[in-house]
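A.B. asks: Residue-level listing of the chains:
2 protein chains.
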Amino acid sequence: MTYCVGLLVDRGLVFMSDTRTNAGIDNISVVSKMKTWEVPGERFLCLLSAGNLATTQSTVSLLEERLLAPAERQPAILTQPSMFQTAKLVGETIKEVISYTTPAGQSADALFSGTFILGGQIKGGRPRLFLIYPEGNFIEAGPDNPFFQIGEHKYGRPIIIRTYDPQMSLEDCAKLLLVSFDSTIRSNLSVGAPIDMQFYETDTMVAGYKRRFELSDEYYQQISGGWSDALKDAFDCLPPFQR
Amino acid sequence: MTYCVGLLVDRGLVFMSDTRTNAGIDNISVVSKMKTWEVPGERFLCLLSAGNLATTQSTVSLLEERLLAPAERQPAILTQPSMFQTAKLVGETIKEVISYTTPAGQSADALFSGTFILGGQIKGGRPRLFLIYPEGNFIEAGPDNPFFQIGEHKYGRPIIIRTYDPQMSLEDCAKLLLVSFDSTIRSNLSVGAPIDMQFYETDTMVAGYKRRFELSDEYYQQISGGWSDALKDAFDCLPPFQR
Numbered sequence: 001m002t003y004c005v006g007l008l009v010d011r012g013l014v015f016m017s018d019t020r021t022n023a024g025i026d027n028i029s030v031v032s033k034m035k036t037w038e039v040p041g042e043r044f045l046c047l048l049s050a051g052n053l054a055t056t057q058s059t060v061s062l063l064e065e066r067l068l069a070p071a072e073r074q075p076a077i078l079t080q081p082s083m084f085q086t087a088k089l090v091g092e093t094i095k096e097v098i099s100y101t102t103p104a105g106q107s108a109d110a111l112f113s114g115t116f117i118l119g120g121q122i123k124g125g126r127p128r129l130f131l132i133y134p135e136g137n138f139i140e141a142g143p144d145n146p147f148f149q150i151g152e153h154k155y156g157r158p159i160i161i162r163t164y165d166p167q168m169s170l171e172d173c174a175k176l177l178l179v180s181f182d183s184t185i186r187s188n189l190s191v192g193a194p195i196d197m198q199f200y201e202t203d204t205m206v207a208g209y210k211r212r213f214e215l216s217d218e219y220y221q222q223i224s225g226g227w228s229d230a231l232k233d234a235f236d237c238l239p240p241f242q243r
Numbered sequence: 001m002t003y004c005v006g007l008l009v010d011r012g013l014v015f016m017s018d019t020r021t022n023a024g025i026d027n028i029s030v031v032s033k034m035k036t037w038e039v040p041g042e043r044f045l046c047l048l049s050a051g052n053l054a055t056t057q058s059t060v061s062l063l064e065e066r067l068l069a070p071a072e073r074q075p076a077i078l079t080q081p082s083m084f085q086t087a088k089l090v091g092e093t094i095k096e097v098i099s100y101t102t103p104a105g106q107s108a109d110a111l112f113s114g115t116f117i118l119g120g121q122i123k124g125g126r127p128r129l130f131l132i133y134p135e136g137n138f139i140e141a142g143p144d145n146p147f148f149q150i151g152e153h154k155y156g157r158p159i160i161i162r163t164y165d166p167q168m169s170l171e172d173c174a175k176l177l178l179v180s181f182d183s184t185i186r187s188n189l190s191v192g193a194p195i196d197m198q199f200y201e202t203d204t205m206v207a208g209y210k211r212r213f214e215l216s217d218e219y220y221q222q223i224s225g226g227w228s229d230a231l232k233d234a235f236d237c238l239p240p241f242q243r
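As they're listed, the protein sequences go chains A and B.
Residue numbering for the first sequence is 1 to 243, as defined by the UniProt record's numbering.
Residue numbering for the second sequence is 1 to 243, as defined by the UniProt record's numbering.
With the rest of the complex left out, here is chain A:
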């Protein structure tokens, strides 16, 4: 499994992804599920992936190769006029990759399926965040659904729902997502550290602050340990149940 989140706030975008991949429970590796592209001053893109690793890596490679060989006149991820067109390109590419490996055509249920979160900004537009399905279609984040999760999303969802505020700083988003990731990692073996994080600040058109958190990271330890205590305190503050 996997756990990735893309979060849209007024000040920009925050992306976080785990790095565990497994083929069976006894075959575990560390692979980054976050890929970024930028043309400083013009555009910044971040792509998070969940699903079959061969499929998602092929998709990213195709998006990259097209970037490297513009002469072939194929669509290139860095040459699209808008975030919408970029999402469309990612969708077409994942659909194409799945159709290679699934003789009867692409399908969400396919063994070699994959799902993406794409976020970023292209000059002239606003920061946008998309969830891209294996069928190639996609939905966009907005005020009512300001974040997307892919992979093992359930454990870490309630804390985001209850704490998200569009006016949060990117630092607070980082804190929130680390709590969400810690809750997931504690509950599910298929999600594991290190955790990759990427900031994007609105209208900068350049990759923002980036960091990888190991489990031993001092701040991660503070969050992980501190959250249990903070939750217990919060729990104690609730009115007691009386028969």
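Keep in mind that the hints were calculated from the coordinates and are not lab data.
Some clues are possibly wrong.
Claimed, not checked - Covered, in the sense of this in silico footprint (three residues per stretch, anywhere, with C-beta under 8 Å from a C-beta of chain B), are these stretches of chain A:
| hint | stretch |
| --- | --- |
| 1 | 117-124 |
| 2 | 167-178 |
| 3 | 219-232 |
Where a beta carbon is used, it is the ideal one built from N, C-alpha and C, also for glycine.
For chain A, the structure is supplied; the task is to place chain B on it using the hints.
C.D. replies: For chain B alone, kept in the frame of chain A given last:
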């Protein structure tokens, strides 16, 4: 779907279950998933169910009918010598019911599957809590795994993992489980109020306090609203992230 929890603490057992059942998203009903039996002073049993409603209701009915017709010399849920034997009987019964509807024999993947949580105490023994699988086998709660969840368990799991303490009062267990249920109800349409709750106090051999919470219940409202605020406060108490 469904959400049910059975929690074992030093002072006894607390059971909680939602009441939503659905055949498709446009066909929703309220059905209790909690069944209790008692012979005051001798035994108390509580059974929570998740899965196909026809299967789980048939299982409960068979356990009941056998109770009503002891002359037929079939096993009766109230005549077993121990909690272990009672769990075994429930397991045999669910297995039998599934085999009616699944020609090729029972299976966890069967369309008409079901899973149970059984807890209680029989005089001479200690309070025990079991998770019973559709295959008829079962596992028991202990110090390392002091609670069982069935149905839509992921959203509400992290709060139980972080807050559970074997020395909690039953009232605190009620508060904890209401938080867990509220997180689940907010995230998943297939889990819905009212919420049934049953206490069992160690060595009483009699049904304890019982309550049904509607969404409009004053205490439930306090928990649901208060938890969002308490979480935000807890979140603010965590050290800020610094680049």
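A.B. asks: Compare the structure with each hint and give your call.
C.D. replies: Tested hints:
| no. | hint | verdict |
| --- | --- | --- |
| 1 | 117-124 | violated (count 0) |
| 2 | 167-178 | holds (count 6) |
| 3 | 219-232 | holds (count 9) |
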